[in-house]
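From first to last, the protein sequence lines are chains L and X. Note that the working numbering has the first sequence beginning at 3, numbered continuously upward. Note that the working numbering has the second sequence beginning at 5, numbered continuously upward.
These are calculated hints, taken from the structure and not from any lab test. Careful: at least some of the hints might be erroneous.
[What the hints assert, rightly or not] Under 8 angstroms between C-beta atoms, here's a sample of chain L residues computed to sit facing chain X: (1) Glu44; (2) Ser68; (3) Pro183; (4) Leu186; (5) Phe190.
[Said to hold, decoys possible] Derived DEER-like restraints, expressed as beta-carbon distance ranges: (6) X:Lys485 with L:Glu171: 53 to 61 angstroms; (7) L:Lys98 with X:Asp232: 24 to 32 angstroms; (8) X:Val450 with L:Glu179: 51 to 59 angstroms; (9) X:Asp232 with L:Glu171: 51 to 59 angstroms; (10) L:Pro97 with X:Gly470: 53 to 61 angstroms; (11) X:Arg603 with L:Asp185: 51 to 59 angstroms; (12) L:Glu171 with X:Glu178: 30 to 38 angstroms; (13) X:Lys485 with L:Val142: 58 to 66 angstroms; (14) X:Lys234 with L:Glu36: 52 to 60 angstroms; (15) L:Ile123 with X:Lys177: 26 to 34 angstroms; (16) X:Val450 with L:Val142: 53 to 61 angstroms; (17) X:Leu297 with L:Gly128: 54 to 62 angstroms.
Think of the CB as a built atom: it goes at the ideal place given N, C-alpha and C, for glycine as much as any other residue.
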Amino acid sequence: MTLEKDPLNLIITGVGGQGNVLASHIVASAGIKEELYVTVGETYGASQRGGAVMSHVRFSSQAQCSPLISEGQADIVVGLEPVEALRVMAEFGNPKTRVIVSPRPIYPIWVLSGQAKYPPIEEILGNLEELADRVQVVDVSEDGEALVGTNVLMIGALAASGLLPIPIESFEEAMREILAPKDLEMNFQTFRKGMQAMTGG
Amino acid sequence: MKQLLSGNEAIALGAYHAGVAVATAYPGTPSTEILQSIARMDGLYAEWAINEKVALEVGMGAAYGGVRTLVSMKHVGLNVAADPFFAVSTTGTIGGLVIVSCDDPGEHSSQGEQDNRHFAKIGKVPMLEPTDSQEAYDLMGWAFDISEEFDTPVLLRSTTRICHCKTVVNVNKERKSDLRQPGFQRSPAKYVMVPSNARVRRHAMEERIVKLRAYVEDFPLNEMVLADRKLGVISNGVAYQYAREVFKDASHLKLTTIYPIPANLIRRFAQEVDRLIVIEELDPFLEEEIRCLGIQVTGKDFIPIIGELNAEIVENAAVEAGILPAPSKPSLRPKSPAPQLPARRPQLCAGCPHVATEYVLRKLGFSGAGSGKELKKGEFIVTSDIGCYTLGVYPPLAALDTCACMGASIGQALGLEKAGVPNKAIAVLGDSTFMHSGITGLINVVYNQGNTTVIILDNGTTAMTGHQGHPGTGISVTGKKTQQVKLETLVEGIGIKDVTVVDAFDLKAIESTIKRCLDNDEPSVIIARGPCSLTVKTRGAPFEVDADECISCYDCLDLGCPAISLSEDKAVIDAGMCLGSACGVCAQVCPQEAISESRK
Numbered sequence: 003m004t005l006e007k008d009p010l011n012l013i014i015t016g017v018g019g020q021g022n023v024l025a026s027h028i029v030a031s032a033g034i035k036e037e038l039y040v041t042v043g044e045t046y047g048a049s050q051r052g053g054a055v056m057s058h059v060r061f062s063s064q065a066q067c068s069p070l071i072s073e074g075q076a077d078i079v080v081g082l083e084p085v086e087a088l089r090v091m092a093e094f095g096n097p098k099t100r101v102i103v104s105p106r107p108i109y110p111i112w113v114l115s116g117q118a119k120y121p122p123i124e125e126i127l128g129n130l131e132e133l134a135d136r137v138q139v140v141d142v143s144e145d146g147e148a149l150v151g152t153n154v155l156m157i158g159a160l161a162a163s164g165l166l167p168i169p170i171e172s173f174e175e176a177m178r179e180i181l182a183p184k185d186l187e188m189n190f191q192t193f194r195k196g197m198q199a200m201t202g203g
Numbered sequence: 005m006k007q008l009l010s011g012n013e014a015i016a017l018g019a020y021h022a023g024v025a026v027a028t029a030y031p032g033t034p035s036t037e038i039l040q041s042i043a044r045m046d047g048l049y050a051e052w053a054i055n056e057k058v059a060l061e062v063g064m065g066a067a068y069g070g071v072r073t074l075v076s077m078k079h080v081g082l083n084v085a086a087d088p089f090f091a092v093s094t095t096g097t098i099g100g101l102v103i104v105s106c107d108d109p110g111e112h113s114s115q116g117e118q119d120n121r122h123f124a125k126i127g128k129v130p131m132l133e134p135t136d137s138q139e140a141y142d143l144m145g146w147a148f149d150i151s152e153e154f155d156t157p158v159l160l161r162s163t164t165r166i167c168h169c170k171t172v173v174n175v176n177k178e179r180k181s182d183l184r185q186p187g188f189q190r191s192p193a194k195y196v197m198v199p200s201n202a203r204v205r206r207h208a209m210e211e212r213i214v215k216l217r218a219y220v221e222d223f224p225l226n227e228m229v230l231a232d233r234k235l236g237v238i239s240n241g242v243a244y245q246y247a248r249e250v251f252k253d254a255s256h257l258k259l260t261t262i263y264p265i266p267a268n269l270i271r272r273f274a275q276e277v278d279r280l281i282v283i284e285e286l287d288p289f290l291e292e293e294i295r296c297l298g299i300q301v302t303g304k305d306f307i308p309i310i311g312e313l314n315a316e317i318v319e320n321a322a323v324e325a326g327i328l329p330a331p332s333k334p335s336l337r338p339k340s341p342a343p344q345l346p347a348r349r350p351q352l353c354a355g356c357p358h359v360a361t362e363y364v365l366r367k368l369g370f371s372g373a374g375s376g377k378e379l380k381k382g383e384f385i386v387t388s389d390i391g392c393y394t395l396g397v398y399p400p401l402a403a404l405d406t407c408a409c410m411g412a413s414i415g416q417a418l419g420l421e422k423a424g425v426p427n428k429a430i431a432v433l434g435d436s437t438f439m440h441s442g443i444t445g446l447i448n449v450v451y452n453q454g455n456t457t458v459i460i461l462d463n464g465t466t467a468m469t470g471h472q473g474h475p476g477t478g479i480s481v482t483g484k485k486t487q488q489v490k491l492e493t494l495v496e497g498i499g500i501k502d503v504t505v506v507d508a509f510d511l512k513a514i515e516s517t518i519k520r521c522l523d524n525d526e527p528s529v530i531i532a533r534g535p536c537s538l539t540v541k542t543r544g545a546p547f548e549v550d551a552d553e554c555i556s557c558y559d560c561l562d563l564g565c566p567a568i569s570l571s572e573d574k575a576v577i578d579a580g581m582c583l584g585s586a587c588g589v590c591a592q593v594c595p596q597e598a599i600s601e602s603r604k
């Protein structure tokens with residue numbers, strides 16, 4: 003397979019505990035099925051306790067890429083949390099970057115204690131619009147619904163967006179390989195919810 | 005078969021296919037997943053050791069017993085294991101012994117940024133380093149072969165980016181089966197390092213390095229690619245990936261043998277190119293080794309010595325140094341400057357059992373005077389240690405004064421006391437850290453008649469690295485029940501008479517116990533016991549704030565609980581995050597009794 007843009011640089015970002023690592027693992031595994039070179043750059047450790055997290059996933063048809071995307075070089079940003087999406091866009095985005103974002107905030111500790119302000123969600127989305135080529139908001143949550151599965155939900159949206167040259171079947175096959183059999187059906191449902199949110203169906 | 009593997013998973017699989025029979029480690033980011041991966045494989049013995057020193061000593065024994073052995077640790081773990089490291093370099097082994105050191109450039113989750121390539125040189129031990137997961141997998145087989153052929157432990161160095169980065173690995177080997185059976189051959193001249201024997205082994209070490217220098221010249225995983233001869237780039241580890249991406253047209257020499265270096269190969273490469281540079285993270289290790297060969301080379305005069313590299317840093321540095329031309333087209337940049345966004349740092353979880361103790365320490369021992377101020381009478385010093393609870397240094401808890409290295413809190417507290425500092429010092433450390441190296445410090449307190457108060461925050465796991473077992477948990481690396489070492493029995497056994505176990509969520513009990521122990525003129529241990537909130541299986545109904553009762557005093561916000569926030573000046577609790585009666589600390593803090601179990 004050849005890529006229109008090579009390497010194709012994807013950043014998945016969110017808050018420690020949201021399942022960034024699993025999300026990047028599914029996307030990368032799906033990419034390998036298309037015979038692409040895939041590199042996933044992860045940083046974890048102390049960051050798992052509620053800190054900002056980021057996975058760099060790089061696809062190439064020519065050679066294995068280094069694990070880190072340079073400033074301004076992200077082609078796609080998937081934000082599991084809106085402020086983190088904006089933080090990543092401000093550093094790694096460019097006017098051609100496409101953004102898929104969940105609008106559900108997770109408040110940092112300084113916001114919770116009133117020492118810092120969390121910008122209104124409309125303002126964040128407005129900022130993202132200014133910075134990026136296109137912003138697609140994925141919101142399927144109903145009031146009071148727990149925040150589980152945002153990672154798989156957003157991967158479903160990414161799969162349906164057509165931004166990656168990877169068919170849905172490859173994502174599903176990757177999930178079958180990676181997830182425990184008992185969690186599979188629930189995750190497929192979440193994945194399809196994300197797909198529907200993207201296609202509007 | 006192709007597999008997407010992190011460097012750590014690749015190291016584990018490579019060791020497995022090389023026939024490793026014993027694997028031992030103490031958890032530490034970024035190395036933890038090596039032992040976790042290998043413990044899931046059949047036909048070998050794996051264990052969490054109490055600390056890195058013991059891990060390596062177990063490794064020595066296993067390798068003396070003739071089997072292939074893997075010992076893995078984070079970079080600062082090798083400091084703990086330095087004593088047996090130098091010893092096993094002297095004795096050599098029979099079975100292959102590979103020590104994996106995972107360095108952390110950029111200090112993503114470490115207290116320091118040391119370059120462990122230096123350990124190879126002072127330990128006179130060969131070192132290999134992969135540039136990606138494939139090489140991590142492949143090098144393990146070589147590492148064990150070298151260890152056995154040259155009668156030496158082998159260091160395999162990795163870094164955070166290699167450990168955690170995932171790339172595709174062609175898994176092409178079967179597990180090696182034609183290996184030595186376990187058995188010990190008596191050989192005091194080799195294993196008993198009294199001076200008369202050690203002096204003989206000293207010569208063997210130097211002879212070994214001479215032979216290794218010749219061996220690495222033809223090592224197949226070093227790679228010379230000659231392209232444009234104007235520039236030659238030597239690199240190692242993840243820096244090789246950046247170098248190849250940035251200097252696309254240049255000639256490259258990739259080194260996987262870090263010590264000793266292949267001198268003749270480097271000389272040949274240097275002769276082929278007009279200008280020679282080294283791209284490496286942290287210290288100018290290769291650069292200095294190459295310069296010692298009499299070869300003109302540069303590197304750290306333009307590449308940063310601090311922190312991680314990436315392609316951008318390397319490119320900008322090379323442009324500034326005039327090695328690369330300035331890019332002709334402007335690079336893509338965000339359209340507008342970054343808006344002001346709230347910072348997000350790691351924090352203690354909702355329902356964390358460390359919060360109540362740190363809250364009480366803040367309340368009792370810190371008057372609120374800032375950094376750089378002398379302590380007032382009645383204030384106390386909190387010497388802390390390495391673990392999740394170190395996050396208590398940040399506001400609003402802000403209840404710690406020190407954090408240095410594993411187990412240091414207890415020795416530091418005794419030192420402050422013996423120096424005559426008028427304020428009392430309380431040492432705070434976790435259960436796993438106490439087992440790792442706190443116990444020796446506490447025996448020292450008993451022996452030297454200190455009156456230190458030690459608080460062991462016992463959450464029943466090694467939480468920071470992802471919930472590994474330790475002797476206090478009584479659960480092995482494979483999840484099986486094993487003999488539990490009980491903290492209270494242990495500390496009583498070394499002569500601590502004042503031992504109190506308190507519920508980690510009971511503010512009153514914690515406060516009164518700390519006050520009593522501070523007045524005590526003998527050493528005391530408080531075990532604040534409560535499970536890590538991430539391991540709690542049955543949480544209570546979430547707590548809620550009665551908005552009519554809330555007087556907006558914000559005392560509950562001083563806990564720094566991520567489930568509590570403000571809504572129109574009143575505190576509110578996130579029902580999805582709250583552990584309810586499994587924690588309940590906020591209800592004890594509230595002066596209005598406005599917080600209680602939700603009746604919804």
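Hint by hint, here is what the structure shows:
The beta carbon of glutamate 44 of chain L comes within 4 angstroms of a beta carbon in chain X, closer than 8 angstroms, and the hint placing it at the interface holds. Checking serine 68 of chain L against chain X by beta carbon gives a least distance of about 4 angstroms; that is within 8 angstroms, so the hint holds. Look at proline 183 of chain L: its Cβ only gets to about 17 angstroms from chain X, farther than 8 angstroms, so that hint breaks. For leucine 186 of chain L, the interface hint is violated, the least distance from its beta-carbon to any beta-carbon of chain X being 19 angstroms, above 8 angstroms.
Look at phenylalanine 190 of chain L: its Cβ only gets to about 21 angstroms from chain X, farther than 8 angstroms, so that hint breaks. Against the hinted window of 53 to 61 angstroms, the Cβ-Cβ separation of lysine 485 of chain X and glutamate 171 of chain L comes to about 43 angstroms, which falls outside the hint. Remark: the range hint 24 to 32 angstroms for lysine 98 of chain L to aspartate 232 of chain X is upheld by a beta-carbon distance near 31 angstroms. With their beta carbons about 54 angstroms apart, valine 450 of chain X and glutamate 179 of chain L fall inside the hinted range of 51 to 59 angstroms.
Checked against the hint of 51 to 59 angstroms, the C-beta distance between aspartate 232 of chain X and glutamate 171 of chain L comes to roughly 43 angstroms, which is inconsistent with it. Checked against the given bound of 53 to 61 angstroms, the beta carbons of proline 97 of chain L and glycine 470 of chain X, roughly 39 angstroms apart, lie outside it. Separation of arginine 603 of chain X from aspartate 185 of chain L is about 33 angstroms and departs from the stated range, judged on CB atoms against 51 to 59 angstroms. Separated by about 31 angstroms at the C-beta atoms, glutamate 171 of chain L and glutamate 178 of chain X satisfy the suggested range of 30 to 38 angstroms.
The beta-carbon spacing between lysine 485 of chain X and valine 142 of chain L, approximately 43 angstroms, falls outside the hinted interval of 58 to 66 angstroms. Taking the beta carbon of each, lysine 234 of chain X and glutamate 36 of chain L are about 37 angstroms apart, not inside 52 to 60 angstroms as hinted. Separated by about 52 angstroms at the C-beta atoms, isoleucine 123 of chain L and lysine 177 of chain X break the suggested range of 26 to 34 angstroms. At about 60 angstroms, the CB distance of valine 450 of chain X to valine 142 of chain L agrees with the hint of 53 to 61 angstroms.
The beta-carbon spacing between leucine 297 of chain X and glycine 128 of chain L, approximately 59 angstroms, falls within the hinted interval of 54 to 62 angstroms.
Hints 3, 4, 5, 6, 9, 10, 11, 13, 14, 15, counting from the list given before, are not met by this structure.
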